[in-house]
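Colleague: Chains A and B supply the protein sequences, listed in that same order. If you're matching positions, the first sequence starts at 1 in the working numbering and goes up one per residue. If you're matching positions, the second sequence starts at 1001 in the working numbering and goes up one per residue.
Be careful, since some hints might not be right.
To be verified - Simulated restraints, written as ranges between beta carbons of each label pair:
1. B:PRO1353 to A:LEU275: 28 to 38 Å
2. A:LEU150 to B:HIS1297: 22 to 32 Å
3. B:GLN1384 to A:HIS77: 16 to 26 Å
4. A:SER288 to B:GLY1205: 54 to 64 Å
5. B:GLY1310 to A:SER132: 39 to 49 Å
6. A:LEU84 to B:GLU1300: 52 to 62 Å
7. B:GLY1205 to A:HIS77: 34 to 44 Å
8. B:PRO1353 to A:LEU150: 53 to 63 Å
9. A:LEU84 to B:ALA1055: 35 to 45 Å
10. A:SER288 to B:LEU1215: 22 to 32 Å
11. A:PRO25 to B:ALA1020: 17 to 27 Å
12. A:ILE192 to B:PRO1340: 33 to 43 Å
13. A:SER288 to B:ALA1020: 33 to 43 Å
14. A:ILE206 to B:GLN1226: 37 to 47 Å
To be verified - Dumping the calculated BS3-like pairs for lysine-lysine here, alpha-carbon to alpha-carbon at most 25 Å:
15. B:LYS1307 to B:LYS1350
16. B:LYS1131 to A:LYS76
17. B:LYS1412 to B:LYS1350
18. B:LYS1074 to B:LYS1350
19. B:LYS1179 to B:LYS1202
20. B:LYS1131 to B:LYS1178
21. B:LYS1228 to B:LYS1258
22. B:LYS1132 to B:LYS1350
23. B:LYS1175 to B:LYS1199
24. A:LYS76 to B:LYS1412
25. B:LYS1132 to A:LYS76
26. A:LYS5 to B:LYS1202
Bear in mind the hints are in silico, worked out from the structure with no lab data behind them. Quick caveat, the model's predicted, so the values are computed rather than measured. We put the beta carbon where it would ideally sit given N, CA and C, even for glycine.
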Amino acid sequence: MQSRKLIVLVAIWAVLLLAPYWMAPLGGYTALATRVLVLGLAAMSLNFLLGFTGVLSFGHAAWFGLGAYGAGLTLKHLATSTPLALLAGMLLGGLCGAILGTLIVRRRGVYFAMVTIAFGQVFYYIAFQWSSLTGGDDGLRGFARQPIDLGVFRLDILTDATAFYYFVLSCFALAVAAMGFILRSPFGRTMIAIRENERRSRFLGIPIERHIWIAFTLSCFFMGFAGALYALVNNFADPHGLHYSQSGDFVMMAVMGGMRSFWGPLLGAAVFVVLQDYLSSVTVNWMSFVGLLFILVVLFFPRGLLGFFQRSRA
Amino acid sequence: MPISRRSWSVDRRTILKSGALIAAAQITSPFVIRARGETPIRIGMVDPLTGVYAAIAQNEVVGAKYAAEEINKKGGILGRPIELLVEDSANDVGTGVQKTRKLIDRDQVSFIIGDVNSGIAIAMAQVTSEKKVLHVVSGGHTDPITGTSCSWNVFRVCNSTAMDANAIATTLIEKFGKKWYFLTPDYAYGHSVQASFEKILKSAGGTSAASLVPLGTPDYSAYLIQAKAYSPQVLINVMGGGDQVASLKQFVQFGLDKQMAVGGTLFELESIRAVPDGARVGWWTMEWWWDQPGVPHVAEFNAAMKKITGSAATARNWFGYASVQTLAVIANQEKTLDAPKLAHALAGFKLPPEIALQPGAPEYRAGDHELMSTVFVGEAHPPQGDADNMFTVKSPVPGDKAAGPVEESGCKMQWPA
């Protein structure tokens, strides 16, 4: 089965690498692919926690939005450097998540979800009210992603949509590789053990709280990174990015795509974004169709779309 | 242990999979762009068709579609028919930006219109100026669009918040007095509206006090008691949406309407329709009004809208209509689709009466690209005669008077080299 896995992996990367070339003839456009990548990364970050540690965060948009504001504020006030903005966004989202995570991980199940919503909304209202720093309801504007100087040549990611796609794709690859390595490590295995049977893991002597906290923190760092990329996509950051309804969208992407599989959330994000993009041009009731698909997936394919297409190993 | 299986057998999983693939094909196939014989000129419109602004956004679309039909009847733009592509921004900045890119990159639109939500409109303007596409903001009100964030390719049909505030403030000071009390929603928009009111009041030598009200407050008794204790001549209500309705209803229930005037900037016809008679009170601004006796073409437009929507034309209908018509008339006049050329021609362009649909000939001011449209200051009331006759225009304020000098807008127009 190892070779089969390899083929799937090669296929996924081929599809992603060639996206600017096959999307246009199908009626898509490069910016759509960029958005799929960024939201896909966010959904995968959430799934790092939901699918592999087994705790549901309903406030992950907070770390996503903080990442966006971190990147935006850096570009606007500190330095006009895209890598620095990404770093700052990731740190802001990740560190806030790490600090609040110490309080959040004390709860389980629905209480965990509720506490994450509550903390998420705290950040939403801070962004909404602190107009002098965040631009309030109008959003943070007046910054733009900067071309990247690689010494030998300049990568113009500001005006060239394809160059920007490949820039986002390489960031995505870095993050996904890091995620993959963590999941393959003994720590990753421990996370899955906690997901499968928390009490048994505790009896085995695993410090559950600390492990969940580390998983939560890592997930927040990835989320902050995705948020920072999202700010670069839009050249804009707004409070809606921190709102719990955005968290709901991420959960929907993860569950729709398949939360037990590594690539599932990316598929979920692709379906969600493309469906929204296409259907909302046709009808104002597009949300009903997305909702209907979600219900169908939950009812009939509890392992998500990817789980459905993967032949069971048995 | 091997299970014998006939080679041609189709298992349940395969049927399910192929079913899903066929279903997916139904969704993706219309995605493929079909060849088109005639190449129309495309205008892209991005508006929040879903979410809290859905009602007013859809009215803008009605007006814009009507304008497109009218233009096509008269031969289109440069002899080519026009096609209006409407996209839903879902009241979300990311989606709005995405749709704008889609319209420009994939659909190759020549012009962009939108959005009702000011934040989205500004984010869209970043995209359109990057892509050098002429952009008409139909209905986003905040000042920066034609102020500090103004751009050579962005023109606005609806008024700025400052214009509305200036127009109503002067009227309220003249009619009622200079002691005011503010009921302000506690967020950026509310603060900025209150600040622009206070500036005008202060320069007239007035005094004021204010209550900052959290969004979504159901009970206004505490604030109304404070307002009553201050005994102002005017209560300025900056609340929006459901908050506006609740606060106005309670204002009347408390009997305060007999002690002070109430008013504010916008109380759109869509909002007045949605509230009970008890909340149809106060002094407000309309940015366009369907009942303008003696002004040419207004009655025809109103009748056409009534035929489509079943009720009187609203300001939003006119915003959509005027946005599309502006683009057509300027392109036909200049005989080009080149954005910088058209933008230069639009700066200072006076709208002809069949588009302006109001007294005078409002122009897109060269300094900030704001349409100097008349502000209709008047009083809201329960329907009198006609079901949509819920507002009486008392003093129309010319746009340039309401807007004040260009320098105050904070706009420094930068043209591309």
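Colleague: For each hint, tell me whether it holds in the structure or not.
Modeller: Consistency of the hints with the structure:
no.: 1; hint: B:PRO1353 to A:LEU275: 28 to 38 Å; verdict: 45 Å, violated
no.: 2; hint: A:LEU150 to B:HIS1297: 22 to 32 Å; verdict: 59 Å, violated
no.: 3; hint: B:GLN1384 to A:HIS77: 16 to 26 Å; verdict: 55 Å, violated
no.: 4; hint: A:SER288 to B:GLY1205: 54 to 64 Å; verdict: 56 Å, holds
no.: 5; hint: B:GLY1310 to A:SER132: 39 to 49 Å; verdict: 46 Å, holds
no.: 6; hint: A:LEU84 to B:GLU1300: 52 to 62 Å; verdict: 58 Å, holds
no.: 7; hint: B:GLY1205 to A:HIS77: 34 to 44 Å; verdict: 39 Å, holds
no.: 8; hint: B:PRO1353 to A:LEU150: 53 to 63 Å; verdict: 58 Å, holds
no.: 9; hint: A:LEU84 to B:ALA1055: 35 to 45 Å; verdict: 43 Å, holds
no.: 10; hint: A:SER288 to B:LEU1215: 22 to 32 Å; verdict: 27 Å, holds
no.: 11; hint: A:PRO25 to B:ALA1020: 17 to 27 Å; verdict: 23 Å, holds
no.: 12; hint: A:ILE192 to B:PRO1340: 33 to 43 Å; verdict: 59 Å, violated
no.: 13; hint: A:SER288 to B:ALA1020: 33 to 43 Å; verdict: 20 Å, violated
no.: 14; hint: A:ILE206 to B:GLN1226: 37 to 47 Å; verdict: 58 Å, violated
no.: 15; hint: B:LYS1307 to B:LYS1350; verdict: 29 Å, violated
no.: 16; hint: B:LYS1131 to A:LYS76; verdict: 21 Å, holds
no.: 17; hint: B:LYS1412 to B:LYS1350; verdict: 21 Å, holds
no.: 18; hint: B:LYS1074 to B:LYS1350; verdict: 21 Å, holds
no.: 19; hint: B:LYS1179 to B:LYS1202; verdict: 10 Å, holds
no.: 20; hint: B:LYS1131 to B:LYS1178; verdict: 48 Å, violated
no.: 21; hint: B:LYS1228 to B:LYS1258; verdict: 11 Å, holds
no.: 22; hint: B:LYS1132 to B:LYS1350; verdict: 23 Å, holds
no.: 23; hint: B:LYS1175 to B:LYS1199; verdict: 18 Å, holds
no.: 24; hint: A:LYS76 to B:LYS1412; verdict: 19 Å, holds
no.: 25; hint: B:LYS1132 to A:LYS76; verdict: 23 Å, holds
no.: 26; hint: A:LYS5 to B:LYS1202; verdict: 72 Å, violated
Hint compliance for this structure: hints 1, 2, 3, 12, 13, 14, 15, 20 and 26 are broken, all remaining hints hold.
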